[in-house]
Amino acid sequence: MQDRLREIEGTLARSKERKNTILYKLSKRRQEEERLAKLGVERLPTNPREVDDEKVIKYVLFRLKQEIGDKTAQLRDPKLLSIDKDGEGVIRAKNDEVNKLLSRKCQWEVRLSFLAGEPTLPRLRKKTFFGCAKELPEALVTRKRQRVEGEQEVGENEVANSSDEDELIADQAETEQPATRDQDYLERVAWLGTSAADLELARFERESEAKMRTKGNVTAPRPGTSDLILSYCKDGKLMIPDEEHFKRKLVNNRKKALQERLTALRNKS
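Just so we're aligned, residue 1 is where the sequence shown starts under the UniProt record's numbering, counting upward by one.
None of these hints come from the bench; they were simulated from the model. Each hint should be verified, as a subset may be incorrect.
Claimed, not checked - Here are the simulated SDA-like cross-link-like pairs (lysine to any residue), alpha carbons at most 25 Å apart as the crow flies:
hint, residue 1, residue 2
1, Lys65, Asp77
2, Lys100, Glu32
3, Lys100, Asp70
Claimed, not checked - If you anchor each label on the Cβ, the simulated ranges turn out as follows:
hint, residue 1, residue 2, range
4, Ala93, Gln259, 40 to 48 Å
5, Arg261, Lys144, 17 to 25 Å
6, Arg261, Arg206, 35 to 43 Å
7, Leu121, Lys25, 34 to 42 Å
8, Leu140, Asp86, 14 to 22 Å
9, Thr142, Cys106, 14 to 22 Å
Where is the CB? At the ideal position from N, CA and C, for every residue including glycine.
All chains, please: the whole structure from these sequences, using the hints.
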């Protein structure tokens with residue numbers, strides 16, 4: 001196994017040395033000139049707007065992808081480039097070269113889509129870091145900012161989804177068929193005439209009276225419900241909050257819990 005690895009390393013080293021020779025470079029240059037001659041151009045164009053031939057554009061994209069692949073491979077190989085050996089300035093310059101090539105590639109792709117009559121999707125212009133360039137200070141700051149923005153988007157989506165669910169439940173209740181509501185109403189009316197309803201009502205009245213006596217004519221909230229008051233007495237009348245009151249309280253509590261969670265995540269980061 002070790003002999004096989006040494007043989008592969010030797011082959012790669014010889015290939016690398018051969019590529020650096022003058023004869024190899026001359027051969028590659030002749031091949032390049034022949035390809036350009038077949039395309040009908042003397043040199044690779046630099047302005048996409050001046051090119052109308054799709055074959056030329058595809059060849060330019062091919063060369064750009066080759067160059068991008070070579071430069072990113074160098075950044076990913078610690079034997080060739082590293083911050084400790086070459087410094088932040090060299091790595092930053094190499095990474096900027098790759099980003100410039102990516103920008104040029106996007107311009108040529110847009111031109112190709114335009115000539116082919118295909119729709120072009122908008123692209124986000126953001127800097128990308130490759131290989132050892134990910135250890136640069138600005139790369140760490142960018143990753144941290146993106147992580148915080150992602151957490152904020154997740155929190156906002158959760159709040160929006162919870163609000164949508166509450167609205168959906170309310171809409172479903174409003175659009176319920178009248179026959180079903182009538183059936184529920186008849187069942188409740190029938191239940192009110194049973195002995196179980198009498199016992200439940202008597203128990204509720206005893207509990208309410210005891211609470212009003214201990215709290216001065218106002219009922220105390222149940223444990224664990226914070227400021228949710230079930231009912232209170234006003235001018236001798238029992239006032240019961242409507243259903244919307246409880247829905248608003250639940251939504252506000254959910255938003256508050258999500259906000260506390262986001263704050264805790266920011267403090268950790």
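Restraint check for lysine 100 with aspartate 70, where alpha carbons must lie at most 25 Å apart: Since the Cα atoms of lysine 100 and aspartate 70 sit roughly 14 Å apart, the hinted pair holds (cutoff 25 Å).
Outcome of range test on Cβ distance (leucine 140, aspartate 86; 14 to 22 Å): holds (18 Å)
Taking 25 Å as the top limit, are the C-alpha atoms of lysine 100 and glutamate 32 close enough? holds (23 Å)
Verify the CB-CB distance for threonine 142 and cysteine 106 against the hinted window 14 to 22 Å. holds (19 Å)
Okay, arginine 261 versus lysine 144 on CB: inside 17 to 25 Å? holds (18 Å)
Given the range 34 to 42 Å, decide if the beta-carbon distance of leucine 121 to lysine 25 lies inside it. Check passed, 39 Å falls within 34 to 42 Å.
C-beta pair alanine 93, glutamine 259: status relative to the range 40 to 48 Å that was hinted: holds (43 Å)
Hinted pair lysine 65 and aspartate 77, Cα distance within 25 Å: holds (18 Å)
So does arginine 261 sit 35 to 43 Å from arginine 206, Cβ to Cβ? Since arginine 261 and arginine 206 have Cβ atoms about 41 Å apart, the given range 35 to 43 Å holds.
In this structure, every one of the numbered hints holds.
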